[in-house]
Structure formats: structure tokens, C-alpha cells
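Those sequence lines, one after another, are chains A and B. First residue of the first sequence? That's 256 in our numbering, and the numbers climb one at a time after it. First residue of the second sequence? That's 693 in our numbering, and the numbers climb one at a time after it.
Errors might be hidden in some of the hints.
Stated by the list, open to error - The following residues of chain B were derived to be distant from chain A, with all beta-carbon distances above 12 Å:
#1 729
#2 919
#3 922
#4 970
To be verified - Heads up, simulated SDA-like pairs for lysine to any residue below, C-alpha to C-alpha not over 25 Å straight-line:
#5 310/A with 814/B
#6 310/A with 855/B
#7 310/A with 916/B
#8 310/A with 380/A
#9 310/A with 798/B
#10 310/A with 948/B
#11 310/A with 730/B
#12 310/A with 912/B
Claimed, not checked - Reference listing, derived: stretches of chain B covered by chain A, where coverage requires no fewer than 3 residues with Cβ under 8 Å from a Cβ of chain A:
#13 735–741
#14 786–795
#15 819–832
#16 838–849
#17 876–882
#18 905–917
These aren't lab readings, by the way, just hints derived from the structure by calculation. Predicted model, so just to flag it, every value in this text is computed and none were measured. Virtual Cβ for every residue (Gly too), placed ideally from N, Cα, C.
Each chain is listed here by its residues.
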Amino acid sequence: MLRELQLELGRAFHEAGAAGPAASSVLGQLCGLGEVAPAQTLAIYQGSVAHAVEKALRDIFPVCAALLGGDCFRALARESARRHPSTGPDLARVGDSLPALVPLLSFLDAVPYLADVASLELAWHRAWTQPDPPTAGDPARIAEAVSAEPHRHRFLLPPSLQLVASEHPILEIWQAHQEDCEALDALDLGADLPASQLVVWRRDAELRIDRVDTGLWLLLESIARGEPASALLELYAPESRNDVDELLQQDPDDFAPALEAIRSLFERGWIVGLEPVPGRAGRSDQT
Amino acid sequence: MSASTCIEGVGLGLRSQHYEELLSSRRDVPWLEVLADNYAHGDGLPLRHLDRARALYPVVFHGVGMSLGSTDPLDGDYVAAIRRLARRIEPAWISEHLAWVSAGGRHHHELLPLPFCEEAVGTVAAHVREVQDRLGQRILVENAAGYLRFACSRMSEAEFIAAVVAEADCDLLLDVSNLHVNARNHGYDPLVFLETIPGDRVRQMHLAGYDDHGSHLIDAHGSPVSEATWALFIQVQGRFPGVPTCIEWDRDVPPFAVLAGERTRAAAIVDAAVDAAQREACLAS
Ligand SMILES: [Fe+2]
Numbered sequence: 256m257l258r259e260l261q262l263e264l265g266r267a268f269h270e271a272g273a274a275g276p277a278a279s280s281v282l283g284q285l286c287g288l289g290e291v292a293p294a295q296t297l298a299i300y301q302g303s304v305a306h307a308v309e310k311a312l313r314d315i316f317p318v319c320a321a322l323l324g325g326d327c328f329r330a331l332a333r334e335s336a337r338r339h340p341s342t343g344p345d346l347a348r349v350g351d352s353l354p355a356l357v358p359l360l361s362f363l364d365a366v367p368y369l370a371d372v373a374s375l376e377l378a379w380h381r382a383w384t385q386p387d388p389p390t391a392g393d394p395a396r397i398a399e400a401v402s403a404e405p406h407r408h409r410f411l412l413p414p415s416l417q418l419v420a421s422e423h424p425i426l427e428i429w430q431a432h433q434e435d436c437e438a439l440d441a442l443d444l445g446a447d448l449p450a451s452q453l454v455v456w457r458r459d460a461e462l463r464i465d466r467v468d469t470g471l472w473l474l475l476e477s478i479a480r481g482e483p484a485s486a487l488l489e490l491y492a493p494e495s496r497n498d499v500d501e502l503l504q505q506d507p508d509d510f511a512p513a514l515e516a517i518r519s520l521f522e523r524g525w526i527v528g529l530e531p532v533p534g535r536a537g538r539s540d541q542t
Numbered sequence: 693m694s695a696s697t698c699i700e701g702v703g704l705g706l707r708s709q710h711y712e713e714l715l716s717s718r719r720d721v722p723w724l725e726v727l728a729d730n731y732a733h734g735d736g737l738p739l740r741h742l743d744r745a746r747a748l749y750p751v752v753f754h755g756v757g758m759s760l761g762s763t764d765p766l767d768g769d770y771v772a773a774i775r776r777l778a779r780r781i782e783p784a785w786i787s788e789h790l791a792w793v794s795a796g797g798r799h800h801h802e803l804l805p806l807p808f809c810e811e812a813v814g815t816v817a818a819h820v821r822e823v824q825d826r827l828g829q830r831i832l833v834e835n836a837a838g839y840l841r842f843a844c845s846r847m848s849e850a851e852f853i854a855a856v857v858a859e860a861d862c863d864l865l866l867d868v869s870n871l872h873v874n875a876r877n878h879g880y881d882p883l884v885f886l887e888t889i890p891g892d893r894v895r896q897m898h899l900a901g902y903d904d905h906g907s908h909l910i911d912a913h914g915s916p917v918s919e920a921t922w923a924l925f926i927q928v929q930g931r932f933p934g935v936p937t938c939i940e941w942d943r944d945v946p947p948f949a950v951l952a953g954e955r956t957r958a959a960a961i962v963d964a965a966v967d968a969a970q971r972e973a974c975l976a977s
């Protein structure tokens, strides 16, 4: 009996008012609370359950909330809870599906950059809770391992590092909201503002968003996809895309720019180690 | 000295808004209550703050996600995460609510009320026992504020709590504000409640503010402790003198000084209750 009661109440909490099928079915099992009628007591929970999700989303997506305003953001939160019911205890995860949901909602069409701003805010939120990277390896040893066996190794990004790309100036929008809400009004979104290729990450206690050029972006994307180091070298390889091992042996100087770029990623803390590519026999030490 | 003996007087719930005040150096706060859910699921910066808190203060854990009253099986991953965190931080104890949060796999992220019946006693007690087995320690269960009254309830809230404690062999966290809110909303006498619960199991108390909606009160944790709750707290401390108490404030968290003021007021009540009990003991001997 308790089981059925909880399942029915669970459905009723996500309905609006007392007329929904679950609410009407469960009301017969409730008594009033002094002067408060059973339907009103149910409404207390309908309100608080919706508010819990909305509040969590507002904490994760403060800029989206400011861009949309109270009622519109509330509608987004309700739609998020309806389409993606929470299945875990961690309230910090309720926003995971929000960036993908935004483009599906026609009432948000007037804010074409909203989904990308949401992606940036979600990345920022996640960067808080991702663990610190392992102690960085020795760059010289790593360079040696990569040059010797680029197919067999892949680089490791810090756990907090996430890539966010947008054709909209989402960093400027985000920054305008960090400093002063009125600053967004001063930002002419129709002007020729830059597209965004952004790295969101955490260095010790400092969260950062850095804009990167396309060259670095391609390297980071390749690493994030888990591709071997040879794939990175190919990005810099002379026109023929032959075997990188062979090319390295023939003329290692061709790869100097690639190795230089990788070295700069190390220095910035965006590469924190090297690991063997799964499924390939190779050196097993994490450098 | 066991960890739990460090928990004396009136502590504060640690909130991120007060990291600066509380964690830059040790303040005049004897211990902190930590919402374990905020730290159990991730790593990174939150955990660094918690390590810092632990280095400065004794700590107790409080949880909201265990869903002890759910008819779903216990979430083993959740309990394991709390256990991992407890191994790292070594809280004096761990508390949870007499409520359910999820059912049928869906999480509502709200403390939901149970009917006061034998079946619910059995469900909660079985989960409490399982949690205690997995954590390797007794936990405290808290009386939650509830705004539904079920036709199938067969006992009072206090009888329900007493039955759970007896069947699960657990301890109690007595939320004095929830007691006031429930007593007002459900129309019962809080003093009868205090006589009915097993007083020797009360190891911690809570104080918080509520919203007064006229026809009913809502436990909202967004305002100072009400005068009515302070008056009840004096009576509760008179009955259970010296039980460590924590001020909770979750919504519209005020400047630290406001919370410190609430703490000082509560501490004076606890001290007075302990003094009175000692005087009485002297006279009796
Ligand atoms: Fe409480």
C-alpha cells in the first residue's frame, strides 16, 4: 500500500493543481491540515518540488536565468523536469540535459545563443567539482615517448578541462553578466563579435575560461576525443598523410611545430600526462 | 576522546556563503554541521573547502538524499559515497531525515512525508538498519516537517518516531523548529511529543526559521528562529539539557554576523539549561 501511495504521490507532485489524474486519485487518501484543504496541502508539495529543481538550475545557470527573466526561466525549468525527470540524488546533476533541451523549445527561439551560454555555464559548474589533475609528468620524457611511439600513446587533459564552441560571442555575454547585469545592454550582439572557442578549466582554486585559436582548438579536440598522439602530429604533418612513425624517422624536424604546440599545452597545464592507447601494446607507465 | 565528545554547545550549518568567515581562521563556533550531499558526489573545490573546515572544527554530517522512507531499495552508490566521505572527514555522527525523497526511481529532491503506520515504520527501520550496517555506525534520524495528513495513519508522529528508533536501534536528531511547525499545523501538543519520544536517544537538535502563511507554517530555513520556537527550545533544553544544537539557514543566507547572533542566543539557552540541571543534581545529592 505504501508503495502505491508513494508512486501516485510522486506523479501528483509533478502535476499542476488537483485536477490531474494522479492528484485526483491520491486526494482521497489525504485529510486536511486544520483549515488547509487536502488539495492545498498537495499544492504545497507541487510548489516545493518544482522550486527545488528550478532553484538548482538557477544556481547552475545564473546567466541563462538573467537572460530569460523569472517566468521564462521557470517555464524552462518545468519543461526540463518534465522531459528529464531526475533519477539520482545529486541535485547538481539536474542541469546536465538543459543545453540540449533549449533548442527544442520554440518559446526560446528569440534567444539563439541561449543553448551555448547554457553549455558554458554547465562547463563552469562541472569544473568546480572535477578532481585535481595528477601531478604533471616530465615534458622531456613525454616528448621522447611521443616521438618514439606516437600511435601507442595519447595525452591526458586535466579532469576539469572542457571545450565549449559557439558561433555566438558567449564569453562576452557571460562576462557581461559577471560584472554587471547592465553591461549586457551595452553589448551589441548584432555587432561583429568573435565566435567562441573556449577552454573552461580549473587551476588549483581558480576557475578559468580561456579563448583559444583554431590551431590549439583542433589539438585539444583531438586529445579530448581520446585520439593517439600521432593524430595530433598529423594535424601538423606535411601535406602527405602517410604513416607518422615513418615521417618522424625520415624528417623529425617537420614535426617541430607540433611538438612546440604540445609543449605549450603542457606549460599551460592543459596536458597533464600520457597514457597508453587502450588495446595497443605499449609502454604501460603513466609518464 | 571519541570524536562525538567534541560536539558540545551550539554549532552552525556550514554554507558556502560563509566559507570566507569560517574557513580563513577558527571562529567562535564549537563545531560545524556539513550537508554531506554537497560534497559526496564530486571532488575538486568543494572537497578542498570541506578538508579546510575539518582541519579547523569538529564536524557532523547531515544528509537529505538517503530516502530512508522510500519503498525503493536503498541507493547503494549513495550510501557508499557518504561512507567514503565519512572515512575522509571523520564526522562525529551522521544524520538523515524521517522522510522519502524518491520512489519508482524518480527523485523529487524534497523531503516527503510518510503516513504514520506500521508499514512505514518497517520500511524506514529496515533502511536505517541497512545504512547503519553499511556505514558501520549508528545514525541519527530527524523529525521532518510534513504538510500532508494521511487517512491511513494509525499513530501520532511521536509514536511513529519512537517505533522507528526502537526497531532500528538508531539515535535522534530533534528539530525543534519542525516540532513547532508540525505541532501547529497538525494541532498536537509539542510537550506530549517530547514525553513520547525516547529522550535518551536525542543526540542533536536543530533550530531554523519558518514562513508563517497564516493558516499554516512552512519550514523554510530562510529567516531567524521565531520567538515561538525559542520558547519551545527553552522547554526542550529543560528536558534534554546540553544536547548539542545546530542553527540551520539555507535560503537567503544572511551575513555571518546574523547567524553568529542566533548561535549566541541558542548557546545562552543551552548553558542555562546545563547550569539548571547541575544545580538540581547538586540539590538532589
Ligand atoms: Fe532540520
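Status of the hints after comparison with the structure:
1. 729: For residue 729/B, whose nearest Cβ neighbour in chain A is about 7 Å away, the distance does not exceed 12 Å, so it is violated.
2. 919: Given a closest Cβ separation of 21 Å, the condition holds.
3. 922: Residue 922/B clear of chain A: closest Cβ-Cβ about 23 Å, beyond 12 Å.
4. 970: About 40 Å separates residue 970/B from the closest Cβ of chain A, which puts it past 12 Å; holds.
5. 310/A with 814/B: 33 Å, violated
6. 310/A with 855/B: 35 Å, violated
7. 310/A with 916/B: Holds, at roughly 21 Å.
8. 310/A with 380/A: Distance of about 14 Å is within 25 Å: holds.
9. 310/A with 798/B: 18 Å, holds
10. 310/A with 948/B: 22 Å, holds
11. 310/A with 730/B: Between residue 310/A and residue 730/B the Cα gap is close to 15 Å, so the pair holds against 25 Å.
12. 310/A with 912/B: Cα-Cα ~14 Å, so holds.
13. 735–741: holds (count 5)
14. 786–795: holds (count 4)
15. 819–832: The restraint on the stretch 819–832 of chain B is violated, since only 0 of its residues have a Cβ under 8 Å from chain A and three are required.
16. 838–849: holds (count 6)
17. 876–882: holds (count 3)
18. 905–917: holds (count 3)
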